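Q: Chains as they are written, first to last, in UniProt numbering: chain A, 1 to 99; chain B, 1 to 535; chain C, 1 to 120; chain D, 1 to 583; chain E, 1 to 442.
Each hint can be trusted.
Derived DEER-like restraints, expressed as beta-carbon distance ranges:
#, chain 1, residue 1, chain 2, residue 2, range
1, B, 49, D, 131, 50 to 60 Å
2, C, 29, E, 26, 17 to 27 Å
3, E, 225, C, 39, 31 to 41 Å
Listed below are the simulated DSS-like cross-link pairs for lysine-lysine, each with C-alpha atoms no more than 30 Å apart in a straight line:
#, chain 1, residue 1, chain 2, residue 2
4, C, 33, E, 73
5, C, 33, E, 69
6, E, 41, E, 69
7, E, 73, E, 41
Read the hints as simulated data drawn from the structure, not as lab findings.
Computed from a prediction, not measured in an experiment: that's the story for all the values here.
Just so it is clear, CB atoms sit at the ideal spot from N, CA and C, and this is done for glycine as well.
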Amino acid sequence: MELTNYLYLSVVLFALGATTVLLRRNTIVVFMGIELMLNATNLALVTFARMHGDVTGQVLAFFVMVVAAAEVVVGLAIIVTIFRARRSASVDDVNLLKS
Amino acid sequence: MSTFPWLTVLVAWPLVAALATALTGVGRGRPAAGAASGGGAFSAGTARTVALVGALVEVALVVGAFLAFDTGAAGTHQLTETYPWIPAFGASYAVGVDGVALLLVALSAGLVPLVILAAWHEQGGDAVRLRRYLATVLVLLSFMVLVFTARDVFLFYVVFEAMLIPAYFLIGGFGQGAQRRYAAVKFLMFSLGGGLIMLAAVIALYLQVPVDAATGLRPQDAFLTDNLTGLALDPMAERLMFAAFFLAFAIKAPMFPVHTWLPDVTQNATPGTSTLLICVLDKVGTFGMLTLCLPLFPEASRWAAPFVVVLAVISILYGAILAIGQSDVLRLIGYTSVSHFGFIILGIFTFTSVGVSGSSFMMLNHGISTGALFLLAGFAIARHPRHSQLVSDYGGMRTVAPVLGGTFLVAGLSALALPGLATFVSEIMVFLGAYGRWPAAVLVAVPAVVLAATYVLLTYQRMFTGPVGAEVAGAKDLGGREKTVAGVLVAALVVLGLVPGPALDYVREPAEVSVELVGATDPQPVLGAAEGSEQ
Amino acid sequence: MSNPYVPVLVLMGIAAVLALGGVGASAVIGPRKYNRAKLDAYECGIEPTPHATGGGRLPIKYYLVAMTFIVFDIEVVFLYPWAVDFTVLAGFGLAAMLVFLALITVPFVYEWRRGGFDWV
Amino acid sequence: MNEFVAPEIDWAVLSPVLVVLAAGVVGVLVEAFVPARARRVVQLVLTLGALAGSLVAVALLWDRVLTDGLAFVVDGTVLLTPFTLGIQAVVALLALLGVLVVADRTSTGQDAFAPTAAAVPGTAYEDAARQAGLQQTEIYPLMLFATGGMLLFPATDNLIVLFIALEVLSLPLYVLCATARRRRLLSQEAAFKYFLLGSFASALMLFGIALVYGATATVSLELAVSRLANPDSPVLTMMPDLVIAAVLLISVGLLFKIGAAPFHTWTPDVYQGAPTPITAFMAACVKAAAIGAMVRVLFTLAAGLDEPLRRDLETGLWVVAILTMLVGTAAGAVQTDVKRMLAYSSIAHAGFLLVAMVGLDEVGAQAVLFYVLAYGLATLGAFAVVTLVREQDADGVVLGEATHLSQWAGLGRRSPLLATAFSLFLLSMAGIPLTAGFLAKFGAFSAAVEAGAWPLAVIGVLASIVAVFFYVRLIVLMVLTPPVEETADDGVTPAGAVAADGTPDDGFRDGEGVEDGPEPARTGTLTAARALAGRAAVVVVASQGPTAVAITVCAVGVVLLGIVPAAVLDWTTQAAAFRPFGP
Amino acid sequence: MIPGVAADFSADTIWVSVVKAVLIVVFLLTSVLFAIWFERKLVARMQLRPGPNWHGPFGLLQSLADAMKLLLKEDVTVTNADRRVYLLAPMISVFCSLLVFAVIPFGPSVTIPFTDFTTPAQLTDFPVAVLYILACASIGVYGIVLGGWSSGSTYPLLGSVRSTAQVISYELAMGLSLVSVFIMAGSMSTSSIVESQTSLWWFIPLAPAFVIFLISMVGETNRLPFDLPEAEGELVGGYMTEYSSMKFAWFFLAEYIAMLNVSAVATTLFLGGWRAPWPLSLVGDGVLNTGWWPLLWFLAKVWLLMFLFVWVRGTLLRLRYDQFMVFGWKVLIPFALAWVVILGVFQWAGLAGVTQTQMIVGILVALAVVMAVLWLWPEKKPTGAEATTDGEGGFDAFAGGYPVPPVPGQTLPPSPRARRTVPPAEDAETRTATAVDDEETR
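Only chain A is shown next, with the shape it has when bound in the complex (with noise of 0.2 Å):
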């Protein structure tokens, strides 16, 4: 199969990822827009190795993997603190700070 259609695909799911970061409401679900974001360019990562035929894109794509679960582990900290803070998990009810 064509390997740019990958990319195209990869493309998308980032799109959709920031899309879901940018327009949905639910901290999870931006969340995981984010880390569909990353996983995106995972894609994107391997496809490029493939195309060029050398193993660097793999290998980062391993150190994607691990930032991502860094961020899963911070991100989803934050987000239980302050959901079991305010019993809500909605951006909108984040907006102490509003400048």
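Since the structure of chain A is provided, determine the placement of chains B, C, D and E on it from the hints.
A: Chains B, C, D and E only, in chain A's frame:
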């Protein structure tokens, strides 16, 4: 030429004095703000003595500098010192004085002790505040000396801006007016605004200095005034830079239409502060025009001269007219200064040796006369139970305080340039110089003399003649301290008025130099006319 | 055939059919005699707690486990390639991996000492 | 597959980063094994030692890097240029000062951090934790990790390492933001916003990196650039246009970190919500590191891009710079909260920094380096001062920071020294001569003008005039305005006492207090928070020492840099070589 | 021929794959039916009762009957369930469990009777086969989580969360134990791993890893003594409480297939896969390793492990949840890590040309050092207690008459149950140490 670093000492000494002043009575328990406890009074006493002595030493040093100065070559910078400061920016610590600068240094050094004397009982007897006030004054003095002697544009700019901070605190922190904070901020914003725009020009100017091919860097003394003069500038750029510089200076030397901060300041600051501000600090503006704008941007200066002259004339008349309308005496004096600064600027932009030297001389005279007016007005106000500044609250003070009245009259007359007083000489010179170059301007400006007479005499009449005002009936006449202050100033006015020669020796050559630098020649017939008129 | 993943797809297809088919079949065949009690959540006869799904709160411990798991899962992810190429990477690989394991162990020890694994 | 050869690693090059990160790891172990009482001291010694150590390491590397022009590990995974080293020095120094501020417990004996950040605000559990006098000493390892990331951020040629460094410096900060002792809801919210936006930005950046890899088949910046430079290289034939998108996305990531408009929206919220010492740390160090990385990446890329692309890049920088300066100054002028105001000023400074680097040349790099140092000192000092100005309830219990501008009135009377220092920092930020800020601005603007961007310089000047206005306003407030009458006995302060302890409803009340308009006095209805802001007595707590030291150092630094900067300027000039292989 | 894979699938066509796939599914379903009977019968015997013996010979058809019954049962969907997910969950479970066998080698390449077509007795294989297995297992967890969550009921929710927690915990141990196999085999392809066990089955040199794997595979499959997600006593039916009919059947099926899966994996990775056991492997220089024989060995091994499952179930009691988690995190994982390190070091030493004797000496020295250290070491407090030693201790767990949790800075009085919990790693060491120095003193 002596190798003794007169100027550096002149700059450094006030700082030392300021430090000493600020530190007096520190060991002792500092009295609570607003309450003059015994210890406070005592430390206040020591503080002001220390300050006064410091200021007097400065005066002595200035005298020393005068002796070291070679009047024969007043046009060249003397007592020069040059050390690299910020090589990366091509800035160096370079000081030196020509005649004009020296006179202005003398003016600043001379006025400060008087101001200190005048401020003897100010700040509501709050020792701490008085101490800080005096210290700040001395710091300001140091800056003023430095700015007059700076021969490096960067250095000049830095001090030019840095001066604002002590001045700002003098107005806002120690002022007496109700809106002093507003005045202070207004002053600061005006000056900083001008200053920052000037900064852009300074940078631009710096980048005009050709890069050394070898190192790819600019020379380490690129900012020396001498290195910046005579650069081949693109006319447009030159005009822009000139505009920026001129704007900054015009704001500083309050000139129509950017003078509006001045009356507020004079109204709200202490007379002493106003003296320093108007009589010395603002001279930096005119001084800058003379020593930076003209030599650095000759083309642009000539190009801009007509507009400048028009503005100058406007401010002459405008200041005078508004002065007449004022009810607040300090505000009034402020407006008179606007008018006088108009004269100075007019003189500078005549590009004739007579006119330029006239306005150089006038910087000195105006300093003295206006200083006298401010301080004397201050004395009058101090005598008013409510410290009112309204002319209408006074009356007939001549009878209760004859000396005050007399001296005030003399100072006033000098403000309207009565022949025989210093200001007359300079003003007539300005007129002569201007007549050669811009006859129309002179014709328009002459009425200002009449206006001046009006506002001075009206004020005098309202405050000092007629029935004695109820509130000032119990006022005492000037005490010894105040007599000294008044006496010195009046004496200076009279002496300079009767024998202006020596002083003029200091300004003539620099004037010719700047006229030459700006590339103008004295229009012959006018000089002839000058001779004629002087007979 | 060239691509070894195709058979997996085949198996997946069959598995999916089976999974769907079974449920479908029971849905078709099975009787339908519903009543409210039958459709309620089973809680030993007491009134069911409302909305166990949305507001269903769990002990915070579970989040802790989840996060710790992520860390170690990643560790495993890095261990496998190294293990497979163990002989190739030899000394350097081993050294690097030991450092890596040490670094992973530090937070493990931290969590341990701070009671992250005590379910009391 | 057997051609694997173990790479040679030049540990010396890694040392500045390595010291800090290793200390961080040790710090975690300390948390695990050292008994609670001893922890704080141990951590403190460890942290300060590590940062000092990395400073030393930088110093030791200096000559070598200067002579060789660069030093790198494993094809540029870590790549030190003089400029990088300079940034590292600045970051390490500022971090050192930042740790001092963090460490200070002031005369109240409480540091700025929650006893247990995990406790739900306002619960009995939290109170118990507070009474038990617990403290979250994890702060120090976290700061070390963040600092490590910052040191690595500008010091790599490998884009993926760049990304990892970005995360390493961000993640601890996200956590740190959530650990405030008071106004905890605000703090958590700040962390939350910072996290969401931050990870969003870094995801964008990551995708950009992926695209660079796609376009050039390498993640080494230098290599990528050299490949871009000769368009006939085979890898490029596939999709050259990716580069544009790539540069765009990467810049977004970096711009976000330096808080440049339009990616600045997080700055005020986060700076306000985070515990003030952390804010100081962030404001100073992150900006330094991020701008360093930005210089490295953009300058290097610019060298490789062809003319039109380079044009576009510069135009983009212009737009962003102008926007940032305008936003920063305009919004800053209407703030009623000190921390918010400082946040906006830091945005404005980001704009000035961009002005400095718009030339994409060494002069710009030099200006940036000096600017970052000057700005960092001033900002850190300013926030350090903020930590000492507190509210106080009727019973004389010291509460959280008094950040509402109205509460700063007459600070000069309360503690002249503090007010002087603060004014000094503000003046420096305003760029008044004889302070570091002036020379920094001078350098920045002259760099811009030299690069032909004089309109930018002019706008910069105008912007700084506006900025001057709001700095001066604060100075007036502190020095010239008499303090507000303290009516601490009309039932509002008990509320305050509860309030500043960070119960949820306090959070909300504060929130309303925060969102109030430029003129709280004029807007009719006073919410409880405003009443609080206006009324609660203000007290200046004495520092235990560290903060005082930090403030002094900053103040002295600001003045010295302002009066005798020659040495530092020479140093920055030396350090200005930002490309390993020369332009 | 795929690089890094021993088996050769080049001859297979899509149809061959289809046939194989169908065979696998059939095999799984039938063996599940058999497994259920097997378990019930065995447990019954262990408990001295007949067990199912009515339907068919030895009651063999019992489980078939059950299956039919389940198929005919009413399909209930509780009201406050999230319908789609509720429906999806069991399918996910069964779907994932069916996939694992795709890469399990039943034997070497075999010749189809009555044809000369030879093909590996394995659906497919690729260089990351084991990774694929783990992936399927992990995704299978979703079935449980979603099932429990979507039921909209408390017990299932708790059950599902529990099971998730335990599955992921034990997955780690499992994954770590696999690492050592990869180190030895140098590949993750199942066929290659089997290939690499020609001379020696890995469970001998890698005994610790094998043990860990066995334990964690029980945890992974939610079997007794680790069947906490569906602990009848605590959670009724656990995550499948609200399920009935075929949906329930799928969960049930998935669970038994999971057992088969892990057994097959264990067989493949540690027990030499389809290879004949030692004495038999020598017969006619390995003729028993060719043709259809291997199928036999393979099934034998798998069912051996199945027997182990049942045996454990019949013997052991269910752990308490905290004991269980503590065991997973504080014992299995540290041991697994340590084992990986040790193995790595020794393998490397082997590569570096260190001889056996040297290694042994090294081991002895290391042991001596450890003993010395442990001997000099002051006896440690149990790790559990330090967790909360911050702050002043002393705390009455029943202040005010009812139990209260400790707040930070307070320590629980040591629980009387603490003795009964599985001892953490270093406790074990200390025990050995004390034993040792007892001997020395003696």
